[in-house]
Structures are given as C-alpha cells and as structure tokens.
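Student: Spelled out from the first residue to the last, the chains are:
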Amino acid sequence: MPDILLQLSVLLVIIATAAMSASATIQAVRHEFDAFGATVLAVATAMGGGTVRDILLGQTPVFWMTDLTYLATAIPVALIAFFWVRNLDSGGGKRLRLLMYFDAIGLALFTIAGVQAALAAGSPLPVAIIMGCITGTFGGIIRDVLCNVTPIVLKEDLYATISLLGGTLFILLSNVIPNNNVAVWASFTAMLVARFLVIARSKK
Amino acid sequence: MPDILLQLSVLLVIIATAAMSASATIQAVRHEFDAFGATVLAVATAMGGGTVRDILLGQTPVFWMTDLTYLATAIPVALIAFFWVRNLDSGGGKRLRLLMYFDAIGLALFTIAGVQAALAAGSPLPVAIIMGCITGTFGGIIRDVLCNVTPIVLKEDLYATISLLGGTLFILLSNVIPNNNVAVWASFTAMLVARFLVIARSKK
Amino acid sequence: MPDILLQLSVLLVIIATAAMSASATIQAVRHEFDAFGATVLAVATAMGGGTVRDILLGQTPVFWMTDLTYLATAIPVALIAFFWVRNLDSGGGKRLRLLMYFDAIGLALFTIAGVQAALAAGSPLPVAIIMGCITGTFGGIIRDVLCNVTPIVLKEDLYATISLLGGTLFILLSNVIPNNNVAVWASFTAMLVARFLVIARSKK
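Protein chains in written order, with our numbering: chain V, 28 to 231; chain F, 28 to 231; chain G, 28 to 231.
In case anyone wonders, no lab produced these hints; they're calculated from the structure.
What you are looking at is a predicted structure, and each value in this text was computed from that prediction instead of being measured.
There could be a bad hint or two in this list.
[To be verified] Partner residues are not named here, just some residues of chain G that face chain V (Cβ under 8 angstroms, in silico):
# : residue
1 : V154
2 : N175
3 : T177
4 : V180
5 : L181
6 : A213
7 : T216
8 : V220
Ideal Cβ positions, reconstructed from N, Cα and C, are used throughout, including at glycine.
Same shape as in the complex, but just chain V:
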C-alpha cells in the first residue's frame, strides 16, 4: 500500500470515528443516558467495527490499543456532542435525523477503510468487500444491541447494501484509475449521496 493511501486511510478512520462517536452520543441522549454512559456507548460504537475487523484479520493488539489517536478523538467528541445535543430546543425528530446523517458519514468512511485494511492484509476480493461492510456496520450493530433495540442494519435494506456496493465500487475504481484518491472520494461520495437520499426520502 503506498504511503499516501495509508495516511489517507488513517485520516478517514479518524473522521469516521468522530462521526460515529457523535451518532452514538445522539442515540444515547435519546435513550436518556448520562454523560458517562453516552461516552462508553460512543467509544464502543466508534471503535467497534474496526475492532471486529482487526480481530477477524488476526491483527492484534487492535488498532486503538497501539495508536491513542482514536480514543483521543472519540472521547472528546462524545462529551462535546452530549452537551450540544442535549441542549437542542428541538425534540426527538431532529436528533434522530442528525444521528442518521452522522451515521452515514461513518458508514461510508469505515467501509473504505475496512476494504483497504483487508486488501492490505491479503484478503480475497469478496472477503475485502465483506470486511468493509463489517467495519462500516458493526459499530452501529453494537450501539443498537447495547441500547436493547433491533439493529438498524437488519431492518433497513439500503444500509448494508450501500456499504457492499460502495466497497465494490471502490475496488473497481482502484483498479482502473491510477490516482487512488479519486477512487476513495468517488466511492465515498457515492455512498454518502445514496444514504442521504434514503434518509431524505424516509422523511415523509
């Protein structure tokens, strides 16, 4: 993997970590958790997908244990999001929409980061696509299981599907376009637009 890809991958995972941490905090506020419970949920959600990926790939100690950047991102973001979201005048509806938009950013970025990590570890292509999907969706599954609700990924068909198609698109583009950044941003944008359209259509 070229250095630029590796750096990009790390940057992507940090942005996705912040987005998933915020999304989990919003759900924690909706379930009336306090600041501490919200932070625990945020860390488990933001790091859960990559942790499962690293365990399945056999890459232990897992990523956040050797690089403290992720904890240093997820914890402050969770605390800031907690006090910001709790003070929104608006009711549950606006919070739910915010949750879904942040979650979409995490889904798109973690998917790409997961595919990259699996390819770097030598996984076959179908496994790399599934590892992208696991990295993108498992944080949200852990969040929902800990909140004692059926995981959104199982109820909404245009969630994991978008992750699988986005991961496939990323692999295809990586192989036809010399500049890897294009593949990253094109597949990221495609996944994000697709999720945003699904969320906007569900408004009615």
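With chain V held as given, fit chains F and G onto it using these hints.
Tutor: Relative to the frame of chain V, chains F and G by itself:
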C-alpha cells in the same frame, strides 16, 4: 488429524452452514425482515459459532476469510430459503417448527466440527467439549441477540446440554472405535434424535 | 512481571471468577432460568471480560482454554449459588442486593487483573486503564445482553467510572509504593468501598 477426518470436518461444516443459514432465514421471515436483512442474519448465524471458535483458538484470519466455500453456501441458501419460506401457506407455527429442525442439524454438526477443530489445535478434552458447544450454539445466540430476543440456548435446558453430551460421546467413541467415521455419525445421530424428540414433545 | 505479582493476579482472577459466577447465577434465578441456563450464563459472565481482553491483546488461546482452574471455579460456584439462592425465603429485593455486592467484588478484582495483564503485554497506560475497565465490566455487559436488558454499565454512571478511577489509582500506587501488594489491596478496597456506598445509597 488424518486427511479423511479433515475432509469430513469440512463437509460437515458446509452442511451445517446451509442448515443454520436456512434456520436463521426462517426466523428472519418470522420477524418480517426483508431479503437483505435475512441474508445478513443468515450469514452471521451460520458463520458466528465457528468464527467465535477460531478467534478463541487464535486461528485468524478466521475460516470463512480464507475459504470462500462458506460464504458461497450461506448466501444462496439464505436467498432460496427466504423466497421459499415466505410463500408457505401455513402460518408461523409451521415456520417455527422448520426453524427448530434445521437448527438441530446445525447444532449437531457444528458441535462435532468444533470438537474436531479444538482437538486439532491441541486443546485439553474439557475445553474441546466446550468449544464444540460454543461452535454449535453461538450462531443461534448471535441470531437471537440480533433479533432482540432472549437466546433459546439459555431458556431451553435440553439444547446446550445435548451439545455437551454429544461432544463428550464423540470424544469417547473416537477413542474406542478405530474407524473415525463411526464416531462422527453415531454422535451426530444421537444429538439429532435427542433434539428431534425434544422438539416433538414440545409440540403439545 | 515479578512472580509474586503473577501469582497474585491469578488468585485475584479466581476470586473474581467465583464472585461474577455467583452474581450471574443470582440474575439467572431472577429471570427464572433453570440450573443449566444459569450455569451457561455464569460461565459467560465470569469469563467474558477476560476473554475479550485476551482477544483484544492477541493472547490466544484465551486464558481459560489453557488453564482449567477458571472453568473448575465458575461451574461449581454457579451450581451451588443456584440452589442456595433459589431457596432464599426473601423475594427479589434481597437477591438483587446480593447480585450487586458480588458484582462489585468482581468489578474491583477484574479491573486490577485487567490492568496488570495489559501492562504485562506492554500496553500504554491509558490503554491499560481501559483494558482494566473492559475486563471488569464486559462480563456484566454480556450477562445483561444475554438476559435481554440494557447493560447496567451504561445506565449507572458510578460503575465504569469506579473501574476507570480504580485502575488509575492502581497504576499510580504501583509507581510510588515499592511493595506491589499494597497497590493491589489499596485500589481494590477503594473500588469496593465506592461501589458498596453507591449500592447502599440506592437502597432508599
């Protein structure tokens, strides 16, 4: 481990993968999941037990990441089962019974495959029996947790018990009978008959 | 790690295993599980935190697979606790309080054992503190998820907080006091007293 045992083990796991995939799909239809959610649940259920076993044994990347046979079994079986079960005239009762019979096949075969894998990895006998139980029951536990219901294995005492006794029987027979196939089929049949009797008695 | 520390660590984990096994059994009786389901829940709870820690650290096969002491502790304790608790005259209230006291012992001891294991594996200090918290709290999280209730650790802020502060205290004391036993018992006592005060205050 002799070659024949290894081959048999692989074949058993594929049949069990298909059975658990079908059982999870039936439960997904009962919970009104769509085709995609049902497939995700089926893959998580069919591969969950063996994945937990491989992670505990430290055998990573886990089995389905290096051998695509399992994904290539679980996904088509889930899709076929989804459209077949959804079109059954009968109500939930018949679906529930089908689920339990398929689940019993998976329980019996995964138990044996799990004991074999643990013995091949050098685990002590009590641990091998527990690893057989984990391989046999964790897929169903993951299925039930994802569907937000209390896992059947904790409520029904003649479920994990049968797995533990079946694994013990398999180890005992393996040590007294020269032909290992006999140990496999005898313990498989014993577990299957025991579960079928329990399911039939619960009919009333 | 000096021998005495290692021995102490093993002894602590065994006591904590017994306490968590008993606490899970009490919860199983409250949820009307039978003896077998209670034992499965007890083993998953007592070994769950350390298992997640070992998997994250990459130390596989995990601890209870190579050393049978833990299974030999958790299973008999669960069976004894099951028949003892079920025959208590008192109602659910007394059982709930017993559960919380045993759980507090497990939380305090597993936290120290988890910090020790992470430090021995070369983890940075913040990660060691979090690994102590994971070792101390994940058994209870698994217990609650399997019982289909929202994990206590997410609802009660003075639970994981005490584990994190206790782990921090242990690391601080280990660095200033030559005799490591003092650090162990001082931080254990601090966590236990803190949890007991929280439980006693929640009585009203």
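Student: Determine for every hint whether it applies to the structure shown.
Tutor: These are the hints, each one checked on the structure:
no.: 1; hint: V154; result: 5 angstroms, holds
no.: 2; hint: N175; result: 7 angstroms, holds
no.: 3; hint: T177; result: 5 angstroms, holds
no.: 4; hint: V180; result: 7 angstroms, holds
no.: 5; hint: L181; result: 4 angstroms, holds
no.: 6; hint: A213; result: 24 angstroms, violated
no.: 7; hint: T216; result: 23 angstroms, violated
no.: 8; hint: V220; result: 20 angstroms, violated
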